[in-house]
Each structure stands twice: as C-alpha cells, then as structure tokens.
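Protein chains: 2
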Amino acid sequence: MQNKPHVLIYAPWYEPAMDRLDEIAITHHLYKANNKEDFLAEHGPKCSVIGTMHYCPAALMDAVPNLKLILNFGVGYDGVDIPAATKRGITVVNTPDVLNDCVADMALSLILAGRRKVLDADRYIRSGDWEKKGNFEYVHNVHSSKIGILGLGRIGLEIADRCKAFKMDIAYHQRTKRSELNFKYYESLIDMAEDCEILVAIIPGGETTEKIIDERVIEAIGPTGLLVNVARGTVVDNEALARCLKDGRLGGAALDVFPNEPAVPESLLEIDANLILTPHMASATHLTRMKMGMILYDNLMALRDGTPFKTPVN
Amino acid sequence: MQNKPHVLIYAPWYEPAMDRLDEIAITHHLYKANNKEDFLAEHGPKCSVIGTMHYCPAALMDAVPNLKLILNFGVGYDGVDIPAATKRGITVVNTPDVLNDCVADMALSLILAGRRKVLDADRYIRSGDWEKKGNFEYVHNVHSSKIGILGLGRIGLEIADRCKAFKMDIAYHQRTKRSELNFKYYESLIDMAEDCEILVAIIPGGETTEKIIDERVIEAIGPTGLLVNVARGTVVDNEALARCLKDGRLGGAALDVFPNEPAVPESLLEIDANLILTPHMASATHLTRMKMGMILYDNLMALRDGTPFKTPVN
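The listed protein sequences correspond, in order, to chains A and B.
Residue numbers for the first sequence follow the working numbering, so the first one is 45 and each next one is one higher.
Residue numbers for the second sequence follow the working numbering, so the first one is 45 and each next one is one higher.
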C-alpha cells in the first residue's frame, strides 16, 4: 500500500493492538532506541503521527515538525500538552467509553477488597495467625454503606450502577449538579466525605483537581472509612494519606494510580495493613485493551482517508 | 429474674452478641475451660441449651441430658448432628437471611479480586517489579464474563443480583430447576463448568455435596477460569485444586472456607499467585454478626417464654 503514514511510538501500549498499526502505517519505536536524540532526529521529520500512552510533552511535538495527529491510548490526556497541540493545529484523540466497564469493575474490586480486608485476611492465613490467634478481625459492611463518588461522568455512572446492586446509598460531588440523575449531590467535597464511609475518585487529572483530596478530606472520610482512587495519582495528597493511614485517622485506602508512575511514594510502600496498591491497571484487560487500540487504529485510518477523526479531544 | 435457662457455650461467636445472652440466661463457657471433661460434668446437667458455631457432635448432646435447644450461629449446620438432635427431641435453630447480603458481598469481593488479580498486583508493586519490569500482566474481564452459580438459594440469588450489575452472563446448577427464574439452568455441573469462566459455590455442605467440585469440574473451569468457594470447604476436592493451580489447568481460585478450619491444606499454602485465601469471614461484619446473634437471642427468649422458635431447622 502506498502513502502509509509514519507513526512515532513514544510510549507503547497493549502489544497485540499496537502491532495492528503496522497494517496501515510504518511505526518507529522511540522508546526502544538506545540514543533517543539520534532516533528522533532521523525519524521525527517523516512522521505525521505520534502514538503514546498518557504522555506527550510540547518538546516532542517540536521534534516532529509534520505532526498532524496524536494517538493517546487511554481516556485521560492530562499528560498530553493539549494547548501546545491545539496551537500547532495537531489533533489529539483518546479512547473513551470502551473502558468504562473495566474501570468500574476495578473500582468495585478495590472497594470490596478494601472494605472486606481481603488482602489483610489472606496474609492472616498465610502467616499462620488463623490457627495461632483465632478469628480474623470483624470488618464493616459493603451493602447498605454510604458511598461518595467524586466525578460522576461516564465511568462514575457505571460505578454507581454497580453500587446500586450492593444496596449502597450513593452520593456524588463534582462542579456541576446533574439534575437528571437521582443521586444525592454535594456541592462540597468535604461535606460528602463527612457523610460517607467510602469515597471513590474518578475525576480527570490536571491542575484543577490536583490534591483535591487533601488532608482535611481524608480525615473527614474517617477512621472506619475507605478511600479508593482510580482517577489520577495527582488528585490525592499522598503524603497526607500516608500520615492518616499510619495514625489511624483513615481506615483504609486502595490506589490504582500514583503521581509519578511507575514510582510509588515510599511513605505508602511502608504501609501494608489497610492499604491496597495496584499498578494502574483499571483498564488492563485483554479485551478492553484491544478495543482501545482499535479506536486508535480507526483514527489512523481516518487520517489516511481524509475522513473525520473518531474521538478528537481538541 | 427467675428461671433463667443455663446455656453451655461450645464454640463462641461474635462477643458483643454472645454477651447479650447473659441478660436472659446463665452461660457456661466450655471452650474456656482447662479441663473440659470436668467442666462438662459439672455444668452439663443443668443446661437446657447449647450455643455453638458450626459444630455440635452427638456425644456433646449426650453430656447435656436436659438439652432442649441448640443455637447454631451461622446458616450452615452441616457440623451439627441433626439426626442425633431430632432423635433426642432437641430443636436446632440457625441464623438465616440476615447474612445473605454479607456473604454475597464477600463472594463478589473474591470474584473481583480473583479475576482482576488484585493480590498479585499488590505484591507486584511491593516487590518493586513495576519499576523494574514494567506493566503488570493483562487480566480477563469481569463484565460480560460467564458465571456459573452452584446453588441458587437465597444467598445465590443475592450473588446473581450483584453479577447482573456487572453485565455478566449468569447460569446456575443445583438438583432442581427454578422455573420461576430467568437464569440459564444446567442439569450437569460439569457442563456448566465447561461453559463458564467463573464458578462460585454456595451450596450447603454435608455428605451429598462432598467434593462435588472434583478434578474434572476444576479442569472444566479451565486455565483462564476462576473458582470461588464461599460454601463449605468440603464441597471442593482441595488436593485436586492445588494440583490444577500448580500445573495451570485452572487459572485461579479464591477460597473463604476449608474442610478442617482453622487448618488450611499445606498444598494450598504452598501457592501464592492466583490463589486468595480468607479465614471463613463471609458473614463476619460487625452489623451482620450482631444481627445473627440477635436471632439466637430471640430463639432463647422463645424457649424461656414457651413460644414457637423463630428459625428451627429440624
């Protein structure tokens, strides 16, 4: 086939999906290069597309002068410099909707495992404590508990639907009330945290939500409460979180995301009981990752064919 | 108050609930005695009630000649010798229904944690592998997966209701079809296991279900499948399970129950990846345990007042 676009792969994604791009494009895998500067100087100029997962700084865009399209594997694009892309006339596309179910499933996995202390219980058996010390501690209910959802977008709604099946009392907070929905709305995050036993974050990252879950909010969730973060690591003040877990001001936490991945704050790694850490895997199932990849594939086809992009964000 | 019945506590339960019995009875705590034989000889004859959790052998009934009532904390009474009790004219009561939600929550906790590999993922971070080796392995979906429920009683139905919210495809097996329900019925357990990605057991224990989940059934669940047991440890051939986990014939398992609790089979303790072990805690939340205890309290009141028992099983 003629006129295959050249794609610079900056941060790789699910390989079986990424490999499909080779059917319709010529890919250059920057992340594999030993000397990235040389690689970029050689291949950057012929590329019209960057493929990435979460991150694309303006400096990289400058190294690809004929750039027309950025393929971002994932929904959140807070690591992509959108203003810089828009200014240069570059379209950014993401992979919405196909991962909603998967991320909601992961949120519930963490809510349930956190609330019922599944990891602590597993360690209790494996250390021999069940035989030595008797029954494991009693925990708190999932069913009939009060949950606050920070960010009731498309994924937040999927989380809410699942929570309904657990007979939970559901509330939410975000900037604007969704009057069409029958869930309790809180104008104030801290008021919601005071009233809830479980707080789950699924708002976009970026500056406006940075450390929105601060020490006061964490304290408000309280000593028998649980914080779950499937949003972005930046939305939680993780140092405050570590302090609150250590001195019992917060009952437990379950985190799928961190501010500087794959690094995890040392202060959190020091804690084992009542803290679940997972490596940003909320959408990381085979099927969902393939679906996400095929959205990028379809956008690349659109570039080649001169048809409208499927999922532009700018 | 006069005429308080004497209660022999054989196996203790949730203390705040057990303590409430002292309002209406005189309790004798056999499990605390150093010399159990002497304790039983001294207190057995004056007791008209035994309180226990899961177990009550016929020999114990014989040591309590004026026995009228056995309070069993829990739904399952396979550890209580029902024929022996019935033969002696002793009523056995259990604590049904109030724990349905809690056990269903625990079943989902194990389904989700098992399917999304939450425990393996947590270990992956804590060992430093995320930074050293890159992304964690991709896992399989919860949503849209096929689940088979072995035993669609009251708890099974609560599990099914929750699975619906995850858009799962739900089937069940037990001796009799429930024609009023809209779930797919399998006459054969092994056929259901073949067709499902997740199998969850919530049938009664006892001889008729012993090792009903045998090596053939476990193999049928398959290398990407998950087995969850919140029923009784006896319903699974745990040695076969260990073999199938070790050689990859089964994808994963999550077990809340074991044949000889609090002992856990060595062959299972040798396995960490893809295996979750919890110490029989499906109903072990503060609120549920108190509700279960109050059912026993109400039955004890009924004995004292000569009114009908609330929850007899024989």
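Heads up, some of the hints might be wrong.
Identical chains share a label here; the pair holds if one copy fits it or two copies do between them.
Below 20 Å or equal to it, Euclidean Cα-Cα: the simulated DMTMM-like pairs (lysine to aspartate or glutamate) are [claimed, not checked]:
# : residue 1 : residue 2
1 : LYS80     : ASP106
2 : LYS176    : GLU310
3 : LYS90     : ASP281
4 : LYS177    : GLU59
5 : LYS76     : ASP63
Hints listed in this document are in silico derivations from the structure and should not be mistaken for laboratory results.
Okay, the hints, checked on the actual structure:
Proximity of LYS80 and ASP106 under a CA criterion of 20 Å is satisfied intra-copy only: 15 Å inside one chain copy versus 82 Å between copies. In this homomeric assembly, LYS176 and GLU310 come within 20 Å of each other (Cα to Cα) only across copies, at 16 Å, whereas the closest approach inside a single copy is 32 Å. Neither within a single protomer nor between protomers do LYS90 and ASP281 lie at most 20 Å apart by alpha-carbon distance, with minima of 42 Å and 61 Å respectively. When the C-alpha separation of LYS177 and GLU59 is checked against a cutoff of 20 Å, the pair qualifies only between copies, where the shortest distance is 15 Å, while the shortest distance within a copy is 47 Å.
Taking the shortest Cα distances, LYS76 and ASP63 sit within 20 Å of each other inside one copy (15 Å), while across copies they are farther apart (66 Å).
Checked against the numbered hints above, the structure violates only hint 3.
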